[in-house]
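Visitor: So you can see what is in the structure, the chains are spelled out below.
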Amino acid sequence: MQSFFQFSRIARGVLIAAIAAIVPLPVAAAVADPLADGAKAYKPFVVEHIGIALAGARDLQAAAKSGDVREAQAAWIKSRKGWEAIEPITGEFFSELDGAIDAWPDAKQGYHAIEAALFSGKVAGIAAPTDKLVADLAAFDKQLKAPGFKFTPQGLLNGAAKLAYEVGENKSKGGESPYAGTSLIDMQENVEGIEAVYKLAFEPTLAERDKKLAAAIDEKIEDLEKLVKVEDLKKVDQGALRRNGEELAVLLQSAAPKLELEKPSVGE
Amino acid sequence: MRAPARAREVIAASLAAVLVAGAALAAPIVTREGVLPSGTELGEDAAVQPTELFMTELAGGKRSYQQKLGDMLFSSPAIFGGVAKQAGISCATCHQQGAGNPALYIPGLSRRHGTFDTTGALFNPRADNGLFDPVTPPSLRGATFLAPYGHDGRFASLRDFIRNVVVNEFAGPEPSGEVLDALVAYVQDIGFLPNPKLNSDGRLTDAASAAAHRGEAIFNRPFRRDASMSCATCHQASSAFVDHQVHDVGSGGWFKTKTLINADFNAPYFHDGRFDSYDQVVGYFDKRYDLGLSESERADLVAYLDAVGDASTPTTPDTVQNELDEIAVFAGVLDTAIREHDAAIIAVAVDTVGGEWRELGERIPETKDTSVSGGLAERAKARGAVRQMVLALRQIDMAAERGDFDAAAEGYADYRAQMAPATTALAAAEPFSLFDPTVRRRHFAALARLDALAK
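Quick mapping for you: the protein sequence lines, in order, are chains A and B. The letter at position 239 of the first sequence is residue 239 when you use our numbering, and the numbering goes up by one with no holes. Just remember that our numbering sits 1000 ahead of the position in the second sequence, which is counted from 1.
A portion of the hints provided could be inaccurate.
[As the list claims (entries may be wrong)] Calculated pairs, SDA-like style, for lysine to any residue (alpha carbon to alpha carbon, straight line, at most 20 Å):
1. A:K263 - B:A1452
2. A:K108 - B:A1121
3. A:K234 - B:D1414
4. A:K235 - B:A1121
5. A:K108 - B:K1455
6. A:K263 - B:A1407
7. A:K235 - B:E1366
8. A:K212 - B:A1452
9. A:K263 - B:A1417
10. A:K43 - A:D59
11. A:K235 - B:P1125
12. A:K122 - B:K1455
13. A:K234 - B:G1384
14. A:K263 - B:M1398
15. B:K1455 - A:G121
16. A:K108 - B:T1367
17. A:K132 - B:R1442
18. B:K1455 - A:K212
19. B:K1455 - A:K235
20. A:K234 - B:P1125
21. A:K108 - B:M1419
22. A:K263 - B:Q1418
23. B:K1455 - A:K234
24. B:K1455 - A:D33
25. A:K108 - B:R1288
26. A:K234 - B:A1171
27. A:K108 - B:A1452
28. A:K212 - B:P1196
29. A:K263 - B:K1455
30. A:K234 - B:G1039
31. B:K1455 - A:R70
32. A:K234 - B:E1401
33. A:K263 - B:A1428
34. A:K234 - B:S1038
35. A:K108 - B:P1125
36. A:K108 - B:A1445
37. A:K212 - B:G1403
38. A:K263 - B:A1380
Rather than coming from a laboratory, the hints here were simulated on the basis of the structure.
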């Protein structure tokens, strides 16, 4: 399916409008609290991507059972892509599950325990961590869809700023998924995730209050997109990536007062 | 500087068994998608660092802006180009704290740990000489007294030598005069470490053993086959144990005489690092020049070299405070650079100091690190504080870039104001960090278990 990353360059406005249409909001509420509306508008993106992560993990489970290493690797990558796109909110809103799903270094649970064995050509031994991954992602999905659950604007801004900083970490020696060799995909999905949360949750409000700053953030995200849109990790300009990631985090922090939010924390 | 990224820190399980007390924990790169070959070890995770002393400070003075700028640039990948810049490699990668790096290993460029082919294709294809000729990155202690430069002494000038490293070995852009002057000023100030066994004339003191004193006599004794020669002919004690000449001692070419001062910490020995110990070196010369040394004479000569090469405090524990002290020196450059509206130096300082902060932060295990128990709140707070310092620096650069140096100065004041709370947060997290030997062992053991899965 076409990613948000690609889609956004074609018709961002249409997409945002489409998601807004999927999540009908009382007009009064939208006027009263545009940021809460933005957070609601962002939620379908997360629902979609956790769905991708969970489906991929289930495919991985099946492939591991049948002993098909290639299928299992493809399923791991599919699942991982879904996960990486929602990293702005994983640690911020689901810290316990995030700690299990994305544990590092941990040879017993999470994506990386599976990755280390699977991408050395083995499916033997990955059944237990894969079962646990499926269970954890399912629990994530359930919590996300629980009636009382909602994203807070502050948490979303924290998560976006934090991930902008993290995207700038030097990946020249391998990055997040060193055994699978898919760190570039992680980065692309991370940037897509930042773009989604910003575009859906904050840009409409910020553009009304500070058009120049909103444009600067938009431009910085586009710069990051360009930097990670390369053939392989070796071609990523690490210095520029770090500088742009940090600049985006700074800009998101400077947006906080305009959005009547606290300066976002970039810590865990 | 230390290389960031989690892939770097995955250690080979086979290494884990032989590593003790965390001091020698290595971190080879495991991925094939990085810019450095899989299996690369940069040796940047040591629990102790070589001690670095500056002659200006030993004399009771203070280091100049130029020397501090050089110190900062020495740790900056930004002055290099190509793969080195991409990989975050700086001068300090090979010359840790101005010393050498016996743990350095780059597959395809190293014959053994502590060696590196500076004319290979990886870092600058234009300088590739088609030979596999790795050499040791030498210690720079006392470099100002040790001309000529380069193992084969090809550069009479330290400035020319440094320029060659930047431009030709590591594909960097032509450095400005300011950058070169600063690097030279920094390197020229790196002093030998004090050694109570040696006096200022290069003679042993009473602190040295009897065996070392016997060895000193042998060192100065004429060779039995050539009475005009002794070890001291080339290694002149009163001249930092060098003669500023190159010689062919049968090691494959003409190479300059190496200093023996602090050399206990400079292994492996010879230009290509072929020898691990003084015993091997003495054995080589005994045979090469038919010295006819008895077993006890060889032992005495080794004892002498041990005494001459010693230092009272060769290493310094790597602690949060030591890291912060270094960061403070580097960041201090901003004081002058902002005042002088020097946007270029501000940019490189922000990148370099920010990089140092990031590396410090990575030594505080993230909360997802299941190998480390305890200190969750402290770790989270410290990592958050580190990140905020990085962003405070970035704000300075952003202001300077748009020519607003008043805002840059305000940003720098803000950065400095945040230093104290960040220091407190880091100190609180230190017992739960990789600075702690137990945490360190657990963390690297977990990495080894993960890596074992990939075998």
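Visitor: Compare the structure with each hint and give your call.
Guide: Now for the hints, and whether the structure bears them out:
Restraint check: the Cα-Cα separation between K263 of chain A and A1452 of chain B comes to about 42 Å, which exceeds 20 Å; the hinted pair is violated. Under the criterion of a C-alpha separation no larger than 20 Å, the hint pairing K108 of chain A with A1121 of chain B is inconsistent with the structure, at around 40 Å. Among the hinted pairs, K234 of chain A with D1414 of chain B is inconsistent with the structure: their alpha-carbon atoms are about 36 Å apart, more than 20 Å. With a CA separation close to 17 Å, the supplied pair K235 of chain A and A1121 of chain B stays within the 20 Å bound.
Between K108 of chain A and K1455 of chain B, the direct Cα distance comes to roughly 16 Å. Compliance with the 20 Å bound is thereby established for this hinted pair. Note on K263 of chain A and A1407 of chain B: the hinted pairing holds, with a Cα-Cα distance of about 19 Å set against a maximum of 20 Å. Distance restraint check for K235 of chain A and E1366 of chain B: the Cα-Cα separation of roughly 28 Å exceeds the 20 Å cut-off, and the hinted pair is therefore not satisfied. Of the supplied pair hints, the one linking K212 of chain A and A1452 of chain B is violated, its CA atoms being roughly 51 Å apart against a limit of 20 Å.
Taken as a hint, the K263 of chain A and A1417 of chain B pair is honoured in the structure, with Cα atoms around 17 Å apart against an allowance of 20 Å. Between K43 of chain A and D59 of chain A the alpha-carbon distance is near 24 Å, which puts this suggested pair outside the 20 Å criterion. Restraint check for K235 of chain A and P1125 of chain B: satisfied, since their Cα atoms lie roughly 17 Å apart, inside the 20 Å limit. As the CA atoms of K122 of chain A and K1455 of chain B are separated by approximately 10 Å, the hinted pair is consistent with the 20 Å bound.
With a C-alpha separation of about 29 Å, the suggested pair K234 of chain A and G1384 of chain B falls outside the 20 Å cut-off, and the hint is violated. Taking the CA atoms of K263 of chain A and M1398 of chain B, the gap is near 18 Å; set against the 20 Å cutoff, the hint holds. At roughly 9 Å between alpha-carbon atoms, K1455 of chain B and G121 of chain A fall within 20 Å of each other, so this suggested pair holds. At most 20 Å may separate the alpha-carbon atoms for a hinted pair to count; K108 of chain A and T1367 of chain B meet this at roughly 16 Å.
Pair hint K132 of chain A plus R1442 of chain B does not hold up; C-alpha atoms about 23 Å apart against a cutoff of 20 Å. At most 20 Å may separate the alpha-carbon atoms for a hinted pair to count; K1455 of chain B and K212 of chain A exceed this at roughly 52 Å. Between the alpha carbons of K1455 of chain B and K235 of chain A the distance comes to roughly 28 Å, so the proposed pair goes past 20 Å and is violated. The suggested pairing of K234 of chain A with P1125 of chain B holds, with an alpha-carbon distance near 16 Å, which does not exceed 20 Å.
Pair hint K108 of chain A plus M1419 of chain B does not hold up; C-alpha atoms about 38 Å apart against a cutoff of 20 Å. Between the alpha carbons of K263 of chain A and Q1418 of chain B the distance comes to roughly 15 Å, so the proposed pair stays at or under 20 Å and holds. Under the criterion of a C-alpha separation no larger than 20 Å, the hint pairing K1455 of chain B with K234 of chain A is inconsistent with the structure, at around 24 Å. The suggested pairing of K1455 of chain B with D33 of chain A is violated, with an alpha-carbon distance near 54 Å, which exceeds 20 Å.
Between K108 of chain A and R1288 of chain B, the direct Cα distance comes to roughly 56 Å. Violation of the 20 Å bound is thereby established for this hinted pair. Between K234 of chain A and A1171 of chain B the CA atoms are separated by roughly 16 Å; this keeps the pair inside 20 Å, and the hint holds. For the hint pairing K108 of chain A with A1452 of chain B, the CA-to-CA distance comes to about 12 Å; that is within 20 Å, so the pair holds. A distance of roughly 65 Å separates the Cα atoms of K212 of chain A and P1196 of chain B; the hinted pair therefore is violated under the 20 Å criterion.
This hinted pair does not check out: K263 of chain A and K1455 of chain B have alpha carbons roughly 45 Å apart, beyond 20 Å. At most 20 Å may separate the alpha-carbon atoms for a hinted pair to count; K234 of chain A and G1039 of chain B meet this at roughly 16 Å. For the given pair, K1455 of chain B sits about 18 Å from R70 of chain A by alpha-carbon distance, which is consistent with the 20 Å threshold. A hinted pair counts as satisfied when its Cα atoms are at most 20 Å apart, and K234 of chain A with E1401 of chain B does not qualify at roughly 28 Å.
Among the hinted pairs, K263 of chain A with A1428 of chain B is inconsistent with the structure: their alpha-carbon atoms are about 24 Å apart, more than 20 Å. For the proposed pair K234 of chain A and S1038 of chain B, the alpha carbon gap of about 13 Å is at most 20 Å, so the pair holds. Using a Cα cut-off of 20 Å, the hinted pair K108 of chain A and P1125 of chain B is violated, with the two alpha carbons roughly 43 Å apart. Proximity of K108 of chain A to A1445 of chain B is assessed by CA-CA distance (about 13 Å); at most 20 Å being required, the pair is judged to hold.
As the CA atoms of K212 of chain A and G1403 of chain B are separated by approximately 18 Å, the hinted pair is consistent with the 20 Å bound. Taking the CA atoms of K263 of chain A and A1380 of chain B, the gap is near 17 Å; set against the 20 Å cutoff, the hint holds.
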